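What follows is each chain in one-letter form.
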Amino acid sequence: MSLKESILKPIAKLKGGAHIPHFKNTAEAESVVMDAPATVTIPLKQHIGAECVATVQKDDKVFVGTVIADSTAPLSAPIHSSVSGTVKEIKKISQPNGVVNSIVIESDGEMTPDPSLKPRKIKTAKQLVQACRECGLVGLGGAGFPVHIKLESLLKPEIDTLIINCAECEPYITSDYRECMENYDDILNGVYLLRDIFELKNVIIAIEGNKPKAIEKLYEVASDIQDEADNVKLMCLDTSYPQGAEKMLVYTTTGKKIPLGKLPADVGCAVMNITSISALYRFIRTGMPLVSKRVTVDGNAIAKPQNVIVPIGTSVQDIIDFCGGADENIEKIILGGPMMGSAIKDTETVIAKQSNAVLCFKNIKPIRTTPCIRCGRCAAACPMFLAPGAVEHSIDHNFTNLENLNVMSCIECGSCSYVCPAGRPLTAAMRTGKFELRRLQNAK
Amino acid sequence: MQNKFIVSSSPHLHTPDSTGGIMFDVIIALLPATIYGIIIFGYRAALIILVSIVSALLSEFVWNKLTKKENSLYDLSAVVTGLLLALNLPSSLPLWMAAVGSAVAIIIVKQMFGGLGQNFVNPAIAARIVLLVSFPAAMTKFYEPFGEIVSSATPLAAETGAYNVKDLLLGMHAGSIGETSSLLLLIGGIYLILRKVISPAIPCCFIGAVFVFSLILGSDPISAIFSGGLFIGAFFMATDYVTSPAMPWGQIIFGVGCGLLTVIIREFAALPEGVSYAILLMNILVPHINRLTARKPFGTEAANNE
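Protein chains in written order, with the working numbering: chain C, 118 to 561; chain G, 190 to 495.
Accuracy of the hints is not assured; some may be wrong.
If you only want the chain C side, here are some residues facing chain G, beta carbon under 8 Å, derived [said to hold, decoys possible]:
| # | residue |
| --- | --- |
| 1 | 457 |
| 2 | 501 |
| 3 | 538 |
Simulated from the structure, these hints should not be mistaken for lab results.
Here the structure is a predicted model, which is why all the values come from computation and not from measurement.
Built from N, CA and C at the ideal position, the CB exists for glycine as well.
Next comes chain C alone, as it looks inside the complex (with noise of 0.2 Å):
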């Protein structure tokens, strides 16, 4: 079978959205590994859920891999140290996700590994669940869920689809994209292990029509492999934002709508990002948890731009030094993508598990707003269908009709104010209307 012709296409297509520029300046250089910085402050909240407590104390040696918080709530994950060495304190820092507990590590520059550390042996689901709390896994693509808590709803024989996210429809963003390149054989082997653990009917990988590269190379390596089943495929997405946003890549990749406020597991599905995969498998391979993260460093004010494979708590400060420094004219560093990712107010900010860009810019247009001329793009452009210039109107009108508008369904993806010719901050609205919605309901 010719390339082509086994590789899937989409099922549906994504309506609404934006045409936004790809930026995809760093794809084709591989990343370069930083060496470990001074020192490393590791926040104790990288995930949804519950803040995890640290189980180290001052002067306490680590290693990398070294437990150094963990929580008992269900809905969180471990915290690892990223580095070799000795902590230093534990204070607050201004996170993206709010000011959070952090430890500070201060690194021996050795980077011996925790000795404790293991390759695990995968018999059971239960054991695979298990090792996926062990690694500290989080979901990589940005929203930071425990994944164990997804894999655990992989035990449900109904949920017998596995999506992997590999659209990275976010411009500027390449760190998926060289994950494919880079590290082909863990993404597949993982992708067949969990396959194979759960008894999962369909795997489906996407990835965006504009990365022919990485399909062409898993599509390759997949080819080697002896697969009877046969039942993982690659599809090329259409290559459009916000193609990787969860509920339009289950209606994309499987044509099932999911139904207002519920996930992906009440159609059947579920979705993994691509670096999550080979995060898992890495770690049942060699042991090694999730102690660092490949970012994206881009922007015109940075001097190299480029992928850089970072220990987890690393500064932004200390990344910007390693890829050259930054412009003296900088004006905005952005962690993540720049239509969903968040503006930082200093460098002191750290690569957390989920952060996956680094963006520096300086020359920013400032755009100039007029009173909303109600040209309907907004509307067009909301893959959710809502009406992003009417809740912005509801808001300035005393939230009138705002229950009607379903504000608590935006997925905040940002194609509404990206759009809008009159420059109107249309998601900052949907924002104030879930806020305010919110607010109205408990009021009553």
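Since chain C is already given, all that's left is putting chain G on it; use the hints.
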């Protein structure tokens, strides 16, 4: 390196399109018809256009000053209103009437209802109708192209068959400054569609409906679509974002409704032209059409199937 960065909420990218850019595209699209109007109707046409635009800008400026609002001339919407109104006026009109028309469009129809984006009817159309009602004689005194001969016989008013299709396409007949050449207006309309400023739904449904309903009522459908202000109305006035539906189905209903009303007015009412009134009436229905065609959020059907 400074440690003070801009902290703003996502998204951090923005389209190169802007309100001013869209208005500029509309002006570009109107240029062929504008220049042609000046060529065939002479310097008076140029004066009307100039007076109308200047009056629109001045009205907007004065209003902003009086109400202490920010200067909004840069969004070019006043220029578009002034230009559109001028193209819908006969070249014989006294200049002060054109100035009054623009002032009515900007101050009464647009600003008094809240300014850009808040008016419920198209300012240029409403102003044209105000002028038509106030000065019926002056508003229906048309020059023949290249002539000083005053004629009230536009193709619509004339007997069927008095004009051939080529003349109608090229606009070699009496009429308002910018409405005569359907061909040049079509070129402008196609430019707007290609630039994705407008969707083809409204103009296609509008013109298509006029063709079909004229045919049903036994008039010549070809001259029906190429005469009167249909092309300028369908491509440039009915597609005004503020006063037309945003959703595709709404646009289809709106376009067909405009076409139907145009034919009914032309056939049965004692009015010289139906396009302006048809658009005005449909403008008023837009909030209802929008409510009727509002989309359900993604996943609603799936929730109902459970």
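Outcome of the hint check:
1. Against a cut-off of 8 Å between C-beta atoms, the interface hint on residue 457 of chain C holds, since the closest Cβ of chain G lies about 5 Å away.
2. With a least beta-carbon distance of about 5 Å to chain G, the hint placing residue 501 of chain C at the interface is held under the 8 Å criterion.
3. Taken as an interface hint, residue 538 of chain C checks out: its beta carbon lies about 4 Å from the nearest beta carbon of chain G, inside 8 Å.
Consistency note: the structure conflicts with none of the earlier hints.
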